[in-house]
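Colleague: Construct the complete structure from the given sequences, taking the supplied hints into account.
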Amino acid sequence: MTTNKPFLEVKNLNVAFPTEDGLVKASSDISFSVARGETLAVVGESGSGKSVTSLAVMGLHNRRSAQISGQAFLNLESGPVDVISADEEVVRKLRGKAMSMIFQDPMSALHPYYSIGNQLVEAWSLYNEGSAQDGKKRAIEMLDLVGIPAASKRVDEYPHQFSGGMRQRVMIAMALINNPSLLIADEPTTALDVTVQSQILKLIRDMQQEFNMALILITHDLGVVAEVADRVNVMYAGKIVESGSAEDIYYRPDHPYAIGLLNSIPRVDKLEDTRLVAIPGQPPSLIHLPQGCSFRARCEFADRVPGNLCATTTPSLDQKGADHFSRCHLPESELVKARVEIGGRK
Amino acid sequence: MTQPLLKLEGLKKHFPTTSGGAFAKVKGVVKAVDGVDLEIYPGQTIGLVGESGCGKTTAGRTILKLYEPTEGKIIFNGDDITDLSPKKMKPYRSQMQMIFQDPFASLNPRQTVGSLIAAPFQIQGVTPEGGIVAEVQRLMKRVGLNPEHINRYPHEFSGGQRQRIGVARAIALKPKLIVADEPVSALDVSIQAQVVNLLEDLQDEFNMAYIFVAHDLSVVQHISDRVIVMYLGKVMEEADKRDLFSHPRHPYTKALLSAVPVPDPKIGRTRERIILQGDLPSPVNPPAGCVFNTRCWKAQDRCRTEVPQLMQIGTNHRIACHFPEE
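Residue numbers (the working numbering), protein chains in the order written: chain Z, 1 to 346; chain U, 1001 to 1326.
It is worth saying that the hints were derived from the structure and are not from the lab.
Quick caveat, the model's predicted, so the values are computed rather than measured.
Just to be clear, a hint being listed does not mean it is correct.
[Unchecked claim] To give a feel for the contact side, a few chain Z residues facing chain U, derived at Cβ under 10 angstroms: (1) Lys202; (2) Val224; (3) Glu227; (4) Pro280.
Even glycine gets a Cβ: it sits at the ideal position worked out from N, Cα and C.
Modeller: Structure (C-alpha cells):
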C-alpha cells in the first residue's frame, strides 16, 4: 500500500447512453482514486457500471453516443490531464502508454490473422522509434517476462496456437510493452480455469510490482478481490455503494448489499451444510432507476430507516471510517444489528 | 442401502477426429470420457468437477444418452438402458431431465414460457390433474415466477428468472434424476444463491437425485454429497464431500482446491497455494501413463509409463494415483 499522490483521480463521473427506450444511466456520481503500486478492485454484478466506468477512463466510449460528464485526472509528470475533457487525440496518445487495459476474453481480443509478434510490435512502435528488429527484440523480452516458454520461437506463432491462459499472458505483455503507469484489468481471469487463474493473478501482481503500476481490477469474484485488493469499490446499479480497504469491506461491511453479497457466496474452505443466504429480487433497470436508494426494493432493512428516507432521498456516499465510505441511510446501531442478523442465518 | 437409482460401469465416450471434407478419414479419437463408474441414490447429489475439457459435460450428457456411449453400461433403476433406441428411451426420459448452463440459449425465443414448460407434458402425452395450464402455473409459482407471466417470452425475463424457467421445465414430469450442467455459472453472484437454494428445496420436496456438473468448487462443495474430480476424461478422485474437501488425497485435487480464491483477505493472502505449471494437455493427444503427470509436482518415472487405476483408499474414497498425498 502506498500513501503517495494518486495517479488516477476520478471525480463525479457520470456515463449515460441515450437509447430508444430512454436514457441508460450506466454509471453515476463515481469518484475514486488509485495511486501507483496500489490495487483497487471494483466489484459488482453485470450492469452495475464497473466496465463502463473504466472504459470512460480509457476514453473508449464513443463521444457521440455516450453522454459523459465529470472528470478523470491522470497525474502525469508533465502535469494533470483530464481524460474526459481532453481532446480525443490527446487521450489517444495516453492510451497504451500512460494507461493500458486487459480485457476479459483473450480469445477475441487478439487478431487471428496476425502473428503474436506482429501484434506486440504494433503496440510498441506506436511510442518507440526503432527498427522492426528492435521491436521484435522487445516483444520477445516481454513474452519472456510474462512466462511464455520458448518466447523467441513462439513470437512468430498465431493466436490459435496459444491456449487461453497463454493468450491472456500475451494480452498482458501487450498492455505492458510501453511501461504504463495505470493498468485496468477487466475480468482478466473470468474465462480461465481456476488453476490457470491463479497463475495469471500471480503474474499480474508480479508485473504490478515490477512496473510500479496503479492497478484497477474489475471482477465479480469476491474471492479474487480478497486475495489481491488493497482497496475495494462495491458497485450497484451504476453507483459506488461502498468503498474501503479490503479489511473494511470483508470484516466490517456497511452497506446491506455488500453484507448480503458476502453472505450469499459459498466458501470452499468452510464445510457447512447450511442454506445460502440469498439476496431476494434482482437489480433495477438502469433506465427506470427507482427514486431514492437503488437497492431499496431488495433491502430488508429499509423499513428501519426513519421517515421513509430510502424511498425519497438518494443516500450520499458518507464517511464511516478512516478510508471507508458507504451509501446507506441506516443508522450505525441498526447496521451492527443487520450484520449480525444476516451472518447469523448461515 | 437400497438399489442405486443410476449406476455407471466404465462409461466411455470417444469422439472421432476427422480430416474434414466429404470423404473424411478418421484421424484419431478424443477420449472425452474414459471410464467413469458412479452410483447415485435417490435424494443424493453428486458433484462432477474439473477444468474445461476434462469431460464433465460429456459425461453428464452421455448419462442421459444425449450422446451414445462408446463403451460401458448405464443402468437406470435396475434396467440397462445403454443400448436402448431413442423410441424405447422415451418412457425413461420423463424420469431423467437436464438443466442447461446458458439460460439465454436453452430457451426457444419464439415460444412463450407457458408452452416451454408445457412441452414435457405434450411430448410424453401426459395430462396432469387439473389440466396443463393449471399445472404450468403451479410449477411457475413453485420455482418463484409469477404465474401471470405465462404468456411472456424468454427475452422478457432476467437471467435468473430464465434459469427458473429451465428448472420448472426440468421438474415438470417429476423426474427421479436431474443432470444440471453448470446451472448457476452464468448467473450473477446474488442470483446464484437464489437458484442454488431453489434446487436444494426441490430436491428435498421430490427426493430427486442430482448430478451437478460445475467448475466452481465453492458451489459444488456447498450442494454435493459426493464429489468426483475429473481430469482429461478420467476420474482422479471420488469421495464424500467432507473427505474430499477436508482431506484431498490426489495431488490434482489438492492443487485445484488450493487455487480456489477464498473471500477472506487474511486467509486468502496467507493460504498455502499450489500453482500448477502449464495448461491442460490436449485431449486428442493425452500424456502417456498418468494423464496428470505433465503438471504434477510429484511425478516420477512410473507416472509417465503406468496408468494408475482407481483404487479404494478409505471408506468410500477412491483415487487414481501412484503417490497419493498423506
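Colleague: All hints are to be evaluated individually against the structure, with a verdict given for each.
Modeller: Status of the hints after comparison with the structure:
1. Lys202: This hint holds: Z/Lys202 lies near chain U, its Cβ roughly 6 angstroms from the closest one there, short of 10 angstroms.
2. Val224: holds, 5 angstroms
3. Glu227: holds, 4 angstroms
4. Pro280: holds, 7 angstroms
Violated hints are absent here; each numbered hint is respected by the structure.
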